[in-house]
Amino acid sequence: MTPTDPAATTGDTVLEVEDLTVQFPTDEGLVEAVRGVSYELRRGEVLGIVGESGSGKSVTSLAVMGLLPKTARVSGSVRFNGTELLESGDKELSRVRGRGISMVFQDPMTSLNPVYTIGDQIAETILVHNDITKQAARKQAVELLETVHIPNPEQRAKAYPHELSGGMRQRVVIAIAMANQPDVIIADEPTTALDVTVQAQILEALRTAQKETGAAMILITHDLGVIAGQADRVMVMYAGKPVEKGTADEVFYTPRMPYTLGLLGSLPRLDIKTDRLTPIAGSPPSVINMPPGCPFSPRCPLAEDICDQEEPPLEPGSNPEHLAACHFSYRVEGHEPTDLFRPVADDPLPAGATEGEVRE
Amino acid sequence: MTETALDVESTTSRTPVLSARDIVKHFPVHGGGILRRRIGDVHAVCGVSFDLYPNETLGLVGESGCGKSTTARVVLNLQPATAGEVSFEGQNLNTLGRKEMRRLRRSMQIVFQDPYASLDPRIPVNEIVAEPLRIHGLYENGGKERVRELLATVGLRPEHGNRFPHEFSGGQRQRIGVARALALEPKVLVLDEPVSALDVSIQAGVLNLLQDLQSELGLSYLFVSHDLSVVRHVADRIAVMYLGRIVELAPAEELFERPAHPYTQALISAIPVPDPRKERTRQRIVITGDVPSPANPPSGCRFRTRCPKFANELSEGERKLCIDEVPELVDRGQGHPSACHYAETAQLL
Ligand SMILES: Nc1ncnc2c1ncn2[C@@H]1O[C@H](COP(=O)(O)OP(=O)(O)O)[C@@H](O)[C@H]1O
Ligand SMILES: [Mg+2]
Chain D
1 MTPTDPAATT GDTVLEVEDL TVQFPTDEGL VEAVRGVSYE LRRGEVLGIV
51 GESGSGKSVT SLAVMGLLPK TARVSGSVRF NGTELLESGD KELSRVRGRG
101 ISMVFQDPMT SLNPVYTIGD QIAETILVHN DITKQAARKQ AVELLETVHI
151 PNPEQRAKAY PHELSGGMRQ RVVIAIAMAN QPDVIIADEP TTALDVTVQA
201 QILEALRTAQ KETGAAMILI THDLGVIAGQ ADRVMVMYAG KPVEKGTADE
251 VFYTPRMPYT LGLLGSLPRL DIKTDRLTPI AGSPPSVINM PPGCPFSPRC
301 PLAEDICDQE EPPLEPGSNP EHLAACHFSY RVEGHEPTDL FRPVADDPLP
351 AGATEGEVRE
Chain E
1 MTETALDVES TTSRTPVLSA RDIVKHFPVH GGGILRRRIG DVHAVCGVSF
51 DLYPNETLGL VGESGCGKST TARVVLNLQP ATAGEVSFEG QNLNTLGRKE
101 MRRLRRSMQI VFQDPYASLD PRIPVNEIVA EPLRIHGLYE NGGKERVREL
151 LATVGLRPEH GNRFPHEFSG GQRQRIGVAR ALALEPKVLV LDEPVSALDV
201 SIQAGVLNLL QDLQSELGLS YLFVSHDLSV VRHVADRIAV MYLGRIVELA
251 PAEELFERPA HPYTQALISA IPVPDPRKER TRQRIVITGD VPSPANPPSG
301 CRFRTRCPKF ANELSEGERK LCIDEVPELV DRGQGHPSAC HYAETAQLL
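Respectively, the protein sequence lines represent chains D and E.
The letter at position 354 of the first sequence is residue 354 when you use UniProt numbering, and the numbering goes up by one with no holes.
The letter at position 262 of the second sequence is residue 262 when you use UniProt numbering, and the numbering goes up by one with no holes.
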């Protein structure tokens with residue numbers, strides 16, 4: 001859906017996350033996985049969440065779904081159609097999970113049971129939340145398989161997950177995700193493990209699912225290309241926090257946060273011949289026992305003293321809808337990556353392990 | 001890496017540093033049971049040929065299972081080929097004695113994808129980089145200094161050489177892998193998905209480093225990757241593989257401006273670009289289905305089962321050729337070779 005789509009511009013909020021924080025006490029210290037995430041998801045829109053591994057994208061969504069391990073300390077607020085989910089009991093939560101919000105993970109086997117046929121699994125999902133006959137549920141299951149473009153759906157319904165390719169399994173998961181007409185579909189790196197030709201098919205299936213159900217979608221990925229093609233609005237995360245938020249066009253064409261600009265400069269492009277990339281020096285910080293200040297400051301070409309003392313809030317500039325968390329966002333606006341970042345190969349980097357450079 | 005398509009003329013008149021001819025690699029497939037009898041073969045690589053010229057980067061791209069990594073390994077003799085010939089600076093490797101082979105080995109090195117799995121966690125970085133020198137009896141003579149130099153070359157601090165791999169980040173570990181590969185002053189580096197495990201901001205630094213090393217040291221790269229955007233950025237020429245065969249081979253810019261094979265076209269059109277307006281207006285060639293199993297590839301053209309041209313444009317009679325005859329990799333009037341009976345260029349970007 002494009003930003004001009006009426007459903008996306010009604011401003012009708014279906015999911016509202018406010019100042020969400022998630023911490024994990026561990027032997028190494030306190031892991032501050034999510035440090036104050038707020039967003040509104042409007043009915044029918046696609047919100048893209050982008051950021052490098054370890055930036056807290058997955059944990060944010062797991063918190064929304066109430067799927068975090070018991071050790072997690074969660075605070076803030078998650079309201080789904082006005083109901084506060086963080087205070088809801090297990091029963092209410094599983095109702096929301098089945099009907100209201102559904103999720104598609106990177107690995108389809110997270111959502112599939114190896115010992116049941118896929119037709120049975122889809123039918124079962126429908127039966128839990130609807131008072132219809134088994135027969136009717138089965139018929140719907142086959143229709144859903146058809147919707148996500150699985151060939152010979154009647155026959156395929158009788159197959160077990162292991163008999164399908166990775167791409168086909170992910171389609172089945174999408175069919176399950178749309179089975180109960182959810183208001184929100186959260187897709188967390190749904191195509192990361194797949195080849196590009198299959199990725200294109202899955203993105204299309206997700207689009208179909210979203211259109212058919214009228215659901216809003218949160219699409220989480222590290223791939224800026226996927227975000228550019230799919231998202232109405234974009235939230236860029238860094239070290240557990242949103243650092244930039246705006247429409248896809250705003251974030252891609254006029255970024256206001258040095259990190260976003262740096263990411264764009266780091267990307268080799270399929271559509272343009274680039275002679276030299278402009279990398280961001282260093283690596284993302286560890287989110288264990290974080291120091292004060294802006295977490296991007298050690299890698300930031302604009303950093304000054306204040307950046308190590310005060311973490312900048314997410315604030316608008318002249319456009320009230322386009323937010324960035326940077327003390328100097330006015331110095332980013334209108335610049336190319338090469339204006340700010342040096343196109344050098346290698347600063348002698350300090351050795352220091354920060355996990356989170358390798359994709360899970 | 002900085003050469004443009006215009007330089008290809010001069011490239012082809014030079015002698016290749018590395019040549020592969022009709023490389024075939026089959027892996028046996030065993031059945032269950034105690035005997036695990038051989039019940040068939042996976043045709044991982046089927047008649048792949050290419051030349052790599054001095055100071056050139058040849059990109060080898062394709063989706064998982066297309067045989068690109070196997071090709072790289074066979075070329076380096078890390079795995080024996082089922083058939084075919086590899087020569088280094090004109091010398092056929094199949095006919096070399098052990099001693100000569102050992103000497104040649106030094107000239108070709110590999111960097112693997114996973115900087116976590118490919119470095120021994122119990123050995124300090126100095127030793128990891130020194131190991132090839134020791135193996136070839138070159139450490140005694142100034143090896144220590146050489147290791148410091150290598151670490152500095154790849155942008156690491158030599159004084160951190162006594163630390164262990166886990167103390168470094170992913171991008172730094174990949175640099176360690178590169179330093180080790182450079183220890184014996186090779187002429188050819190085979191880079192197998194060298195940046196695929198890294199986040200983009202880190203990836204860019206490693207790609208720039210590889211670019212600099214190439215121009216400083218005059219290296220030739222065989223750059224294996226599934227990521228067409230990365231390959232466009234680094235490669236002078238690109239070979240696109242599908243199910244064990246090269247389906248198109250062209251100078252990088254030409255491949256993106258005038259792709260001739262339907263698979264290359266589908267691949268280019270499937271990859272999203274980080275530009276929302278372009279994405280909204282782009283035409284997509286969507287291909288259906290998954291890659292068929294290399295244990296049982298389609299007859300004739302291996303891409304025909306997913307080919308949009310075969311499905312939507314060709315007549316029954318025309319299709320027969322695709323089913324019966326393997327299309328050769330030759331120039332069919334598009335300016336560069338492609339393996340499609342009905343090759344036709346398209347403009348997609
Ligand atoms: N169960 C857990 N216990 C401790 N730390 C965790 C747990 N789950 C996630 N984390 C940490 O939280 C941070 C954010 O992780 P995640 O949300 O998975 O990032 P992303 O999805 O952006 O890659 C990481 O540092 C990760 O290691
Ligand atoms: Mg994640």
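The hints are simulated quantities; they were obtained by calculation from the structure and are not laboratory data.
Remember, it's a predicted structure, so these values are computed and weren't measured experimentally.
All residues carry an ideal CB built from backbone N, CA and C; glycine is no exception.
The reader is advised that the hints may include incorrect statements.
Here's a subset of chain E near chain D, in silico, CB distances under 8 Å, partners left out [claimed, not checked]:
id	residue
1	Gly-47
2	Ser-49
3	Glu-63
4	Leu-78
5	Ala-204
6	Leu-228
7	Glu-253
With a straight-line cut-off of 30 Å between C-alpha atoms, the simulated DSBU-like cross-links for lysine-lysine are [as the list claims (entries may be wrong)]:
id	chain 1	residue 1	chain 2	residue 2
8	E	Lys-144	E	Lys-187
9	E	Lys-278	D	Lys-273
10	D	Lys-273	D	Lys-211
11	D	Lys-211	D	Lys-91
12	E	Lys-99	E	Lys-187
13	D	Lys-211	E	Lys-278
14	D	Lys-273	E	Lys-320
Covered stretches of chain E, going by a simulated chain D footprint (3 or more residues, C-beta under 8 Å) [what the hints assert, rightly or not]:
id	region
15	192-202
16	205-212
17	255-267
Here's how the hints hold up against the structure:
Annotation: interface hint on Gly-47 (chain E) violated; nearest CB of chain D at approximately 23 Å, more than 8 Å. Proximity of Ser-49 (chain E) to chain D is violated relative to the hint, the smallest CB-CB distance being about 24 Å (cut-off 8 Å). Given hint, Glu-63 (chain E) at the interface with chain D, holds; its Cβ is 4 Å from that chain's nearest Cβ, closer than 8 Å. Because the beta carbon of Leu-78 (chain E) sits about 24 Å from the nearest beta carbon in chain D, more than 8 Å, this interface hint is broken.
Hint status for Ala-204 (chain E): holds, given a least beta-carbon distance of 4 Å to chain D, under 8 Å. The restraint placing Leu-228 (chain E) at the interface with chain D holds, with a minimum CB-CB distance near 6 Å, inside the 8 Å limit. Of the supplied interface hints, the one on Glu-253 (chain E) holds, with its beta-carbon coming within about 6 Å of a beta-carbon of chain D, less than 8 Å. Simply put, Lys-144 (chain E) and Lys-187 (chain E) have alpha-carbon atoms about 22 Å apart, close enough for the 30 Å limit, and the pair holds.
For the given pair, Lys-278 (chain E) sits about 16 Å from Lys-273 (chain D) by alpha-carbon distance, which is consistent with the 30 Å threshold. A hinted pair counts as satisfied when its Cα atoms are at most 30 Å apart, and Lys-273 (chain D) with Lys-211 (chain D) does not qualify at roughly 35 Å. Distance hint between Lys-211 (chain D) and Lys-91 (chain D) is fulfilled; the C-alpha atoms sit about 29 Å from each other, no more than 30 Å. Restraint check for Lys-99 (chain E) and Lys-187 (chain E): satisfied, since their Cα atoms lie roughly 18 Å apart, inside the 30 Å limit.
Taking the CA atoms of Lys-211 (chain D) and Lys-278 (chain E), the gap is near 22 Å; set against the 30 Å cutoff, the hint holds. Between Lys-273 (chain D) and Lys-320 (chain E), the direct Cα distance comes to roughly 39 Å. Violation of the 30 Å bound is thereby established for this hinted pair. Three residues within the 8 Å Cβ limit are the bar, and the region 192-202 of chain E against chain D gives 6, so the coverage statement holds. Using a Cβ-Cβ cut-off of 8 Å, 6 residues of the region 205-212 of chain E lie near chain D, which meets the minimum of three, so the contact claim holds.
Counting residues of the region 255-267 of chain E whose C-beta sits closer than 8 Å to any C-beta of chain D gives 3, which meets the bar of three, so the coverage hint holds.
The structure fails to meet hints 1, 2, 4, 10 and 14 from the earlier list, while all remaining hints are met.
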